[in-house]
Amino acid sequence: MLLSIFIVGVIHGAVSGYIQAILVVISLILFVYLFLLLGEKAGKYTTDLQYRIDRGTDNSFVEYPLGILLYDEDRQVQWVNPYFVEKTGLEPIYSMNIADISPELLSFVTTDEEEDAEHGSSKTIKIGHKYYLVQVQRELRVIYLFEITQYSEMENRYENNRSVIGQVYLDNYAEITQSMSDRDVSNLDNYVTNELTNWATHEKMYLKRIDDDHFFILAYSGKLFNAEEQGFKVLDTIREYTSQQNVPLTLSMGFSYGVDDLSVLSEEAQKNLNLALGRGGDQVVVRGIGEKARFYGGNTDPMEKRTRVRARMISEALQELLKDSDQVIVMGHNHPDMDVIGSSLGIRRIAAMNNTPCKIVVDRKSLHTDVARLLDLIKKEDPEADKDIITSDESNNAVTSNTLLVMVDHSKQSISINPKLFEQGSEKIVVIDHHRRGEEFPENPMLIYIEPYASSTSELITEMLEYQPKNKKSIDKIEATSMLAGITVDTKSFSLRTGTRTFDAASYLRSVGADETLIQEILKENVNSFIERNHLIESITMVGDNMAVCFGENDKNYDPVIVAQAADTLLSLNGVEASFVISKRPDGRVGISARSLGKVNVQVIMEKMGGGGHLSDAATQIPDASVDDAKEQLIEVLSDMQNNK
Numbered sequence: 005m006l007l008s009i010f011i012v013g014v015i016h017g018a019v020s021g022y023i024q025a026i027l028v029v030i031s032l033i034l035f036v037y038l039f040l041l042l043g044e045k046a047g048k049y050t051t052d053l054q055y056r057i058d059r060g061t062d063n064s065f066v067e068y069p070l071g072i073l074l075y076d077e078d079r080q081v082q083w084v085n086p087y088f089v090e091k092t093g094l095e096p097i098y099s100m101n102i103a104d105i106s107p108e109l110l111s112f113v114t115t116d117e118e119e120d121a122e123h124g125s126s127k128t129i130k131i132g133h134k135y136y137l138v139q140v141q142r143e144l145r146v147i148y149l150f151e152i153t154q155y156s157e158m159e160n161r162y163e164n165n166r167s168v169i170g171q172v173y174l175d176n177y178a179e180i181t182q183s184m185s186d187r188d189v190s191n192l193d194n195y196v197t198n199e200l201t202n203w204a205t206h207e208k209m210y211l212k213r214i215d216d217d218h219f220f221i222l223a224y225s226g227k228l229f230n231a232e233e234q235g236f237k238v239l240d241t242i243r244e245y246t247s248q249q250n251v252p253l254t255l256s257m258g259f260s261y262g263v264d265d266l267s268v269l270s271e272e273a274q275k276n277l278n279l280a281l282g283r284g285g286d287q288v289v290v291r292g293i294g295e296k297a298r299f300y301g302g303n304t305d306p307m308e309k310r311t312r313v314r315a316r317m318i319s320e321a322l323q324e325l326l327k328d329s330d331q332v333i334v335m336g337h338n339h340p341d342m343d344v345i346g347s348s349l350g351i352r353r354i355a356a357m358n359n360t361p362c363k364i365v366v367d368r369k370s371l372h373t374d375v376a377r378l379l380d381l382i383k384k385e386d387p388e389a390d391k392d393i394i395t396s397d398e399s400n401n402a403v404t405s406n407t408l409l410v411m412v413d414h415s416k417q418s419i420s421i422n423p424k425l426f427e428q429g430s431e432k433i434v435v436i437d438h439h440r441r442g443e444e445f446p447e448n449p450m451l452i453y454i455e456p457y458a459s460s461t462s463e464l465i466t467e468m469l470e471y472q473p474k475n476k477k478s479i480d481k482i483e484a485t486s487m488l489a490g491i492t493v494d495t496k497s498f499s500l501r502t503g504t505r506t507f508d509a510a511s512y513l514r515s516v517g518a519d520e521t522l523i524q525e526i527l528k529e530n531v532n533s534f535i536e537r538n539h540l541i542e543s544i545t546m547v548g549d550n551m552a553v554c555f556g557e558n559d560k561n562y563d564p565v566i567v568a569q570a571a572d573t574l575l576s577l578n579g580v581e582a583s584f585v586i587s588k589r590p591d592g593r594v595g596i597s598a599r600s601l602g603k604v605n606v607q608v609i610m611e612k613m614g615g616g617g618h619l620s621d622a623a624t625q626i627p628d629a630s631v632d633d634a635k636e637q638l639i640e641v642l643s644d645m646q647n648n649k
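Here the sequence shown stands for residues 5 to 649, numbered as in our numbering.
Hints listed in this document are in silico derivations from the structure and should not be mistaken for laboratory results.
Backbone N, C-alpha and C define an ideal beta-carbon position, used for all residues, glycine too.
Fair warning: there could be bad hints in the mix.
Okay, the calculated beta carbon distance ranges per label pair [as the list claims (entries may be wrong)]:
(1) Lys237 with Thr153: 42 to 50 Å
(2) Gln248 with Gly548: 26 to 34 Å
(3) Asp215 with Leu577: 45 to 53 Å
(4) Ser515 with Pro590: 34 to 42 Å
Given these sequences and hints, build the entire structure.
As structure tokens, this is what we get:
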């Protein structure tokens, strides 16, 4: 019985084990099947997804609304996508260069990485009639273009509809009308008002007369830009007509734009008008806030004033400033000439007549022979004046917060004998000059006396002397001689830039002891200077029919005075209306002296090369350049000027 039960149990356990084993095998098979099935589906899904991603990437690369251009190391186009062709209309052909698409695009592509980082990695470029935002991957040589014509046009509309305020001033209205009959004044007023109104109406500007010699303009920036393209011909129209009527009237304008604050625009427009007047009038100054000024006109020499009222007012204003200052420091431009020394001594005398100590800054290491002779004469004849002539280092130690700084014969701090004086804390600055005012100018000077019509700064200061206290010692012989020497040099012995007031000033100086014979001794030229000047003239090259260019060697320095004398000498040659002499200066820079008989505005030419001056007497200094480089640059400027006539 027990055996039977045992046998049955064994058999039952074996069957159960088999069943369990079979179930395990079936489960394993089912798991493997399901795993393989799932893997197959996952693989198919992954493959399909990758295919779709690759296809989408390829399609987007080709069809996405972004222009794509590939180029080689020679800037030759290798491939563009259809969007590029669709938008630009340019189908690449064999050997097409990026320059064929747009020179501006080529310039952006060839920009080095440092400059790219400084100005941004993208740029708006016009291709055809459309605007694109361009980005470049230089390491991959890929250009991306995104059309932004609509947005660019919106930006242009905004920029062209910003507010502009302008000021118009009739330069010499008071002087001209003071001797005219009421009827003639009325006719002149009607003519000027009609011409300006017609011009403003044509340019779609609002014009309002606010004084006898003053008009106000309100406009949009786009209309101002259009007027710039036309060159403000109304100045020429009014000047030419009034000249024919023997009442030569000129006008100046100042425009400002760039911010939405009208009070700021009004203030800046007045500053730009003052800049135009400081440059001699008969011109327009246009300047956006934060931008460089643009000049138009200025093609005539400023006319001599017919009244001494301004000289008296400036003289009296200077007296008040002297009384409120503990001392005066006078300085001219670097490499001082006779006019700097003469006018500096004149200011020293005015200071003495008002009981104010005065020092004159002179760098004795870089003097021309005539200036050195004059300083030696001062040391011998006037020891007290010689003690007041100090060096730049001495002036740095002498200046205080209540020192009056007087700039003579220049208005640019960068060319002063000691530019560091402007950084010493004194805010009391006076500018007395006879050159046209440039963009660089001291901030908020207390007194400005710039008269481009004058022959020299010495002439201006001579007139001021006549309105100083009469109970004080007046100008002495050596001071008068120095000032007359300054006038003599700047007028080329009274042959250029002279008016009736020039001869009046010279007459006054002669009456107080100026010695013309002594001046001739001081101004005598030495043999070496004579040889060097003629050597420069030997290199003469004509540009056009009436402009002469001379130049020195790249490795030889010339005294700036000799260079200026060479430029003056060239004007005596038949057929030469303007002269330019280029040379290496002792300070390492390349200098250009420019002279004209009046038909060619050398001031505008020199301003294009970073300089300035008068219509007939200008100069510039170019750092980090050779004489050949300066000559090439000058000839390019002269050629462009002739082509644009």
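Distance restraint evaluation - aspartate 215, leucine 577, Cβ atoms, bounds 45 to 53 Å: Roughly 47 Å apart at Cβ, these two residues keep to the hinted range, so it holds.
How does the Cβ-Cβ distance of serine 515 and proline 590 compare with 34 to 42 Å: does it lie in that range? 39 Å, holds
Honestly, do glutamine 248 and glycine 548 meet the 26 to 34 Å range at C-beta? 29 Å, holds
Whether the CB-CB distance between lysine 237 and threonine 153 falls inside 42 to 50 Å: Violated - the Cβ-Cβ distance for lysine 237 and threonine 153, about 33 Å, lies outside 42 to 50 Å.
The earlier numbered hint that this structure contradicts is number 1, and it is the only one.
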